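J.: Residue-level listing of the chains:
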Amino acid sequence: MTIKKQSFTLKAGLAQMLKGGVIMDVVTAEQAKIAEEAGACAVMALERVPSDIRAQGGVARMSDPDLIKGIMEAVTIPVMAKCRIGHFVEAQILEALGVDYIDESEVLTPADEQNHIDKQAFNVPFVCGCRNLGEALRRIGEGAAMMRTKGEAGTGNVVEAVRHARSVLGEIRRLTTMTRDEMMAYAKDIQAPYELVVQTARLKRLPVVNFAAGGIATPADAALMMQLGVDGVFVGSGIFKSSDPARRAKAIVEAVIHYRDPHKLAAISAGLGEAMPGLELATIPESQKMAKRGW
Amino acid sequence: MVMDRGIIGVLALQGAFAEHISILHKLDVSAREVRTVNDLDGLDGLIIPGGESTVIGKMAVSYRLFDALRTLGQTGFPIWGTCAGLIFLAKDVGRAQPVLGLMDITVERNAFGRQADSFEQKISIPAVTACLGEKNDSPFPAVFIRAPVVTAVGPEVHILATLPDGKIVAVQQGNLLGTAFHPELTNDRRLHAYFLRMIRDK
Numbered sequence: 001m002t003i004k005k006q007s008f009t010l011k012a013g014l015a016q017m018l019k020g021g022v023i024m025d026v027v028t029a030e031q032a033k034i035a036e037e038a039g040a041c042a043v044m045a046l047e048r049v050p051s052d053i054r055a056q057g058g059v060a061r062m063s064d065p066d067l068i069k070g071i072m073e074a075v076t077i078p079v080m081a082k083c084r085i086g087h088f089v090e091a092q093i094l095e096a097l098g099v100d101y102i103d104e105s106e107v108l109t110p111a112d113e114q115n116h117i118d119k120q121a122f123n124v125p126f127v128c129g130c131r132n133l134g135e136a137l138r139r140i141g142e143g144a145a146m147m148r149t150k151g152e153a154g155t156g157n158v159v160e161a162v163r164h165a166r167s168v169l170g171e172i173r174r175l176t177t178m179t180r181d182e183m184m185a186y187a188k189d190i191q192a193p194y195e196l197v198v199q200t201a202r203l204k205r206l207p208v209v210n211f212a213a214g215g216i217a218t219p220a221d222a223a224l225m226m227q228l229g230v231d232g233v234f235v236g237s238g239i240f241k242s243s244d245p246a247r248r249a250k251a252i253v254e255a256v257i258h259y260r261d262p263h264k265l266a267a268i269s270a271g272l273g274e275a276m277p278g279l280e281l282a283t284i285p286e287s288q289k290m291a292k293r294g295w
Numbered sequence: 001m002v003m004d005r006g007i008i009g010v011l012a013l014q015g016a017f018a019e020h021i022s023i024l025h026k027l028d029v030s031a032r033e034v035r036t037v038n039d040l041d042g043l044d045g046l047i048i049p050g051g052e053s054t055v056i057g058k059m060a061v062s063y064r065l066f067d068a069l070r071t072l073g074q075t076g077f078p079i080w081g082t083c084a085g086l087i088f089l090a091k092d093v094g095r096a097q098p099v100l101g102l103m104d105i106t107v108e109r110n111a112f113g114r115q116a117d118s119f120e121q122k123i124s125i126p127a128v129t130a131c132l133g134e135k136n137d138s139p140f141p142a143v144f145i146r147a148p149v150v151t152a153v154g155p156e157v158h159i160l161a162t163l164p165d166g167k168i169v170a171v172q173q174g175n176l177l178g179t180a181f182h183p184e185l186t187n188d189r190r191l192h193a194y195f196l197r198m199i200r201d202k
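Going down the list, the sequences are from chains A and B. The letter at position 17 of the first sequence is residue 17 when you use this note's numbering, and the numbering goes up by one with no holes. The letter at position 138 of the second sequence is residue 138 when you use this note's numbering, and the numbering goes up by one with no holes.
These are calculated hints, taken from the structure and not from any lab test. Being a predicted model, the structure only gives us computed values, none of them experimental. Incorrect hints may have been included.
[What the hints assert, rightly or not] 25 angstroms max Cα-Cα, derived BS3-like pairs, lysine-lysine:
| no. | chain 1 | residue 1 | chain 2 | residue 2 |
| --- | --- | --- | --- | --- |
| 1 | B | K202 | A | K5 |
| 2 | B | K167 | B | K91 |
| 3 | A | K5 | B | K91 |
| 4 | B | K202 | B | K122 |
| 5 | B | K167 | A | K4 |
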């Protein structure tokens with residue numbers, strides 16, 4: 001019987017298997033092993049965590065393929081890697097390396113200020129960031145098989161993650177109260193493909209898995225995002241910029257499982273050492289806000 | 001297929017538990033997310049969903065579900081594992097990670113490779129179609145995502161399905177059912193119906 005490969009079912013299906021889990025940023029094979037041991041459901045390979053990108057400045061690009069290969073060899077869980085927005089050749093390279101998912105990410109410096117990658121042209125699945133429903137549905141329209149709300153990466157401040165999750169989930173709630181004849185105008189307003197707007201209204205959720213990202217630093221932050229209604233969380237700088245990464249990583253994994261149980265969350269949150277130092281959003285110049293990248 | 005009073009648990013430590021619950025609801029069966037030992041009270045059967053087997057195993061140990069699940073499985077309680085769930089039920093997975101060891105099978109993780117090697121294929125499961133009283137053995141859509149395969153089975157294990165090349169992808173050992181693929185990602189509810197039949201006929 002015929003074999004079907006690289007279908008959207010398979011691309012979106014891998015994200016469904018990651019639900020209820022924590023995807024952790026790692027920059028070395030050693031960190032990847034710590035993340036896997038702590039219970040990460042996948043790791044994101046990158047060259048510098050967002051807080052270092054923010055601190056050091058300069059152009060942030062796809063990681064060295066040797067580093068990504070080292071991470072792929074070090075763990076048995078899925079390995080994701082980031083490419084720049086619109087940089088389809090970085091994406092081709094990551095696909096050739098055999099990574100399990102590509103993040104077309106605003107954390108790296110965009111390569112194209114008008115267009116995102118045509119993700120349908122690839123066999124490897126993509127995850128993309130969003131701040132609102134229109135942005136999410138545009139990315140899905142381009143072929144993204146998983147979404148994440150952007151938050152503001154590298155800040156250790158959950159406020160933008162909350163803003164973006166509330167925006168996406170709130171807009172979906174409003175959409176579900178609309179009649180069919182209101183949906184075309186709504187699709188036009190939010191600049192989203194009409195068919196995906198209708199599909200989202202019918203499903204009462206995004207048509208693909210949606211994680212939260214950008215600023216999650218504590219178990220309570222992770223549980224907050226889960227209670228708001230996301231399917232799982234990405235933690236970037238929050239783990240390896242804290243004083244006890246292994247312990248904090250495991251605690252965040254546990255908080256995503258027991259996100260509705262305050263007694264368990266109290267036990268999980270205790271004695272974890274210092275969280276990463278956080279940044280007030282008001283202190284970040286507009287030009288350095290990563291969430292604004294993406295069109 | 002409606003059961004009298006039945007409640008099926010779905011292990012909700014990580015993975016595609018919501019997909020299983022949604023199918024159970026479509027079959028008019030009550031379902032409950034299982035995160036703690038207390039959540040196991042009064043269940044008629046348990047599904048361990050697809051996800052990452054390392055996460056499910058480690059978290060089952062952390063929250064003392066591990067021993068409770070082992071005891072249940074050893075005493076005839078129906079458990080069905082899909083993909084990561086199959087790995088978690090196995091005796092031997094060829095590496096150090098927490099597994100229940102309930103099924104006398106050896107499993108190879110990521111046996112086909114990485115995501116690029118994931119695939120969909122129709123497979124025939126004659127024991128299931130026969131049990132459900134179907135006249136023709138219509139194939140099942142099977143979704144394999146970074147999937148495992150069963151590489152060896154003990155004498156008490158029945159092989160329910162293989163791929164054309166002979167790779168074992170569905171097994172049953174009494175009250176325990178294991179599939180390397182994801183029925184929860186398709187609209188075909190026959191494997192769920194089969195599991196409910198296993199529970200009813202226990």
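J.: It remains to establish, for every hint, whether it holds in the given structure.
T.: Comparing the hints with the structure gives:
no., hint, in the structure
1, K202/B / K5/A, "violated, 38 angstroms"
2, K167/B / K91/B, "holds, 18 angstroms"
3, K5/A / K91/B, "violated, 30 angstroms"
4, K202/B / K122/B, "violated, 29 angstroms"
5, K167/B / K4/A, "holds, 17 angstroms"
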